[in-house]
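Enquirer: Take the sequences, apply the hints, and build the full model.
Below are the chains, spelled out letter by letter.
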Amino acid sequence: MGRKLLLEKAHVENIRLYDVYRREGGYRSVEKALKTMAPDAVTEEVKKSGLRGRGGAGFPAGMKWSFLAKPEGIPRYLVVNADESEPGTFKDRYLMEFLPHLLIEGMIVSSFALGSNNSYIYIRGEYAWIVDILEQAIQEARNNGWLGKNILGSGFDCEIHVQRGAGAYICGEETALLESLEGKRGNPRIKPPFPAIKGVWGCPTVVNNVETIAAVVPIINEGGEEYAKIGVGKSTGTKLISACGNINKPGVYEIDMTISVEDFIYSDEWCGGIPKGKKLKACIPGGSSVPILPANLLLKTAKGETRMMNYESLADGGFATGSMMGSGGFIVLDEDQCVVRNTYSLARFYRHESCGQCSPCREGTGWMEKILWSLETGKGKMSDIDLLWDIQRKIEGNTICPLGDAAAWPVAAAIRHFRDEFEWHITNASEAQTRNFGLAHYADEIHVPATV
Amino acid sequence: MVKFNDIQLQEFNRLVNRYPEGKQKSALLPVLHLAQDSFGGWLSSETMDYVAELLHIEPIEVYEVATFYSMYNLKPVGKYLFEVCQTGPCMLNGSDSIIDYIKEKLNIKAGETTADGMFTLKTVECLGACGYAPMMQMGKTYREHLTKEKVDAIIDECRRNAAVNN
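Keeping their order, the protein sequence lines are chains D and B. Read left to right, the first sequence gives residues 4 to 455 (the working numbering). Read left to right, the second sequence gives residues 449 to 614 (the working numbering).
Treat the hints as calculated values from the structure; they're not laboratory data. It is possible that some hints are incorrect.
Here are the simulated BS3-like cross-link-like pairs (lysine-lysine), alpha carbons at most 27 Å apart as the crow flies [stated by the list, open to error]:
hint, chain 1, residue 1, chain 2, residue 2
1, D, K73, B, K473
2, B, K596, B, K551
3, B, K523, B, K570
4, D, K35, D, K232
5, D, K187, B, K570
6, B, K471, D, K194
7, D, K303, D, K252
8, B, K596, D, K279
If the Cβ cut is set under 8 Å, some of the chain D residues that face chain B in the computed set are [as the list claims (entries may be wrong)]:
hint, residue
9, E87
10, Q166
11, E225
12, G226
13, P253
14, S291
15, G320
16, S348
17, L349
18, E356
19, G400
20, G441
All C-beta atoms, glycine included, are put in the ideal place defined by N, C-alpha and C.
Expert: Right under this line is the structure:
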């Protein structure tokens, strides 16, 4: 049983209410930071903690904070990215829905560190009921003196506002998010300048994921060094994983990154195995954008080591034989699932969500969707597989923002690891309309060559 | 003529005041939500022009935003809007058959509204409820773990509510 830092109190009755949250030890980190620490000392603790951005890229949060420009007389902003839209990911929703005060507490401490007097939560438009939950919690925090002017007599002023998006995956990309916050289309900006120099309304801005900001609370309460002791290597602290697909117990789990992928899937503490005793075929371990892995490469690395649920181990082997922790959206496919159909579904998603600025992404995502649809419906040609490969190669790295990469990677990984399933859809086109390829050899033990 | 009433105007002012001086355009997305909720569940060009006037921006600035984001309806929708997720994780859990069932039951295609103006079906991409699939959004709420029986119950519930409200 791993340690819980974020969700420890999630099941306390009425924890959503201020009085209960406070009684359970809430807002201690604000007292500690505002009464006993200088803003830079807060940033220093976050650096020491080794906390990596929980939105998907895994960039060290403390370092991101230290890049923030601080020109005299110009306001700085903290913007929390609650646009959670990566298929397979629903952890921030859980955190905000059940522990709204944890996010607000983290935001006050982080705003203090960064010198942000007006901080924003940009939340995806579909989470409409969570907007109400957050606004109620903000009101409670303000009524109790945690927001407003001169908080705790520290001289620090802070207000938090909730901005609702309106349905666009691209707004999870930080510069598109800032455009959207300014009331525009969510078209990503060309970087540099980075938001730390020129962000919202041209002012220095830090954009962090919900879970990242929530993690600042235990970091300040316990100290950065203590936080860094949890986990392994550069995967410090705990990580929220949203597990879904073909598993017995879908949901949001907080793990300390020392457990194996196999335990995570089969233990009753987490996913509880696969329904109806079916076999594991494949998994997308970090949200739809990261490479899909067949069962054998998921559970063990190409070197034959047990694969663990942390940043380094999930990425072991690079894209050739590994994947990524990403946003923690863990999608399991059982033996009856069709990789071609799943890839088509994701390709359609990326085509729908491309903002249309860059031609490789705007055109390429549409071509990939069409080709995958013809393969899925038995109208594909053998040359289509190479064509798909060619298109994804030409999208990757050739766009302003990472949506292009995010669209390319799932297609590339599906072909890399499941090429024979794609070929079967062409050679056995009519059969493929009546049954799926099945498990095939994807769970077979991989022969590991002995190293000299 | 579209015009916010006093309560709606109060909400409009609250939204606009959250941004620095001179940055009132930032309120555009939330104001469009308010306008859509206030004026029949969709954004007519008259509504969009009204929003532009209120925010002191050009109408084109409103149109380009309204057409970019999927939650803004640019044509009238039924009294109840079913937005069913069809992306990866929902698909793995049978969203295709739920969508087919709703189409058959309401006798409409995706994007269409029933003749009585009661229901509109929209297929949408990932709504962040992957662990509770298959699912759909209905107004401000999510309906999760959908089955055919649950769909039947939701449709009955809508019809009952509509009858009570009439």
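Enquirer: Starting from the hint list further up, note which numbers the structure goes against and sort them upward.
Expert: Of the numbered hints, 11, 12, 15, 19, 20 do not hold.
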